[in-house]
Amino acid sequence: MKKILMIALAVALVLALCVGCANQGGTAEPEPAPAEIKTVDNTKSVEEAYKVGDMGQGWPASDLPDGFPKYPGGDAYYEIYDDGTFIYVLGTDRNAYDNFLKALEDFGFAVGQPDEDGYQQAIMGSWMVSLGFYDADGVALILFSDWGYDIIGPDWPEMLPEYPDGEVTFIDLDKRGNYAMVISDSSQETMEKYSYTLIDAGWELENKNEDGTIIDLIKGDMSVSLGLNSNETTVVINLREIVPYEELEKVWPASDLPSGFPEYPGGDIHYVTLDTYGEVFIIIKNTDQKTIDAFKASVENSGWEFGAKTDSGYWYGKNGEQRIQISSLYENDMSVSILYSVD
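Residues 1 to 343 (this note's numbering) are what the sequence shown spells out, left to right.
Be aware that one or more of the hints could be misleading.
[Unchecked claim] Restraint-style ranges between C-beta atoms, simulated for each label pair:
id, residue 1, residue 2, range
1, Leu205, Thr273, 28 to 36 angstroms
2, Ile199, Glu300, 34 to 42 angstroms
3, Asp135, Ser337, 17 to 25 angstroms
4, Ser126, Glu162, 23 to 31 angstroms
5, Lys250, Pro65, 20 to 28 angstroms
6, Met159, Lys193, 38 to 46 angstroms
7, Glu300, Asp98, 48 to 56 angstroms
8, Gln113, Tyr81, 25 to 33 angstroms
9, Gly212, Asp63, 12 to 20 angstroms
10, Glu300, Phe107, 36 to 44 angstroms
11, Asp63, Ser337, 46 to 54 angstroms
12, Val251, Thr197, 16 to 24 angstroms
The set of hints was computed from the structure by calculation and includes no laboratory data.
Where is the CB? At the ideal position from N, CA and C, for every residue including glycine.
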């Protein structure tokens, strides 16, 4: 379960690196004989082993898209998260699971083949369903997520050398012909080696943070960002067109932000509004960490809730359906980036 959840969680890091990706290809057809997923703990009852006592009971139709197939039979237990709906179905069998996969296909999902651990994914536009079946326990696992961006694949962009390991998921952030790739089962060491491969292919290193978890490179009018998620096994690569800094608006974007939203105190302000999703991307140069901390505190005091700063140096805040991402100081040019969006 942890493995497939990590792919959904990696979208937060995509947004941290983002301005775009492109729509390509399809998804592989399922194999008829997936690998068996082993039991969680055969010394306990199934209910105890899967800790369903505190979960909601019944099929969560209201938390899934209209018409989404209902799993045939079994006892469903669920939890609702900000990023999706997680479901266990107990008391089921492989035949019912296969029928559910068929129902997903009939609904319009492209169902991928199982990986070596028996997990698989079904994709339809921005929707992803991650699935697995525990044969020994008669339990199906289902995770529905709406990424908000089209999930695409499987073509690797021609201008980049292929990444040497891991499992790749492609997503489309802004439909402008750019790419983002989420690569599970990788490492920081592999990511850094890949950055040297890019340099050998003519890319120029633009920025690398102190702990090496974010690496930015440029080539012509294109930029590629490599980022390591906090789980240390998921790498995100974002390939995008560069919006020339001098072409950005040079005022605080008060009209594109909610009423009463604090203004950043000082610095050289530049911003762009990403029309497809209404996101506002702001860069402030000639600033310092003390000013960034003061701005973050003023946003928090205006009603926003923030989590702890991530390992990659970002704060993520929310206020109802509104979201904000604030970076730490980029010491190479003494700047900060701010990304405002609405779910």
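Inset, instruction - Sort out which numbered hints this structure fails and list those numbers smallest first. - result: Going through the list in order, the structure violates hints 3, 5, 6, 9, 11 and 12 and respects the others.
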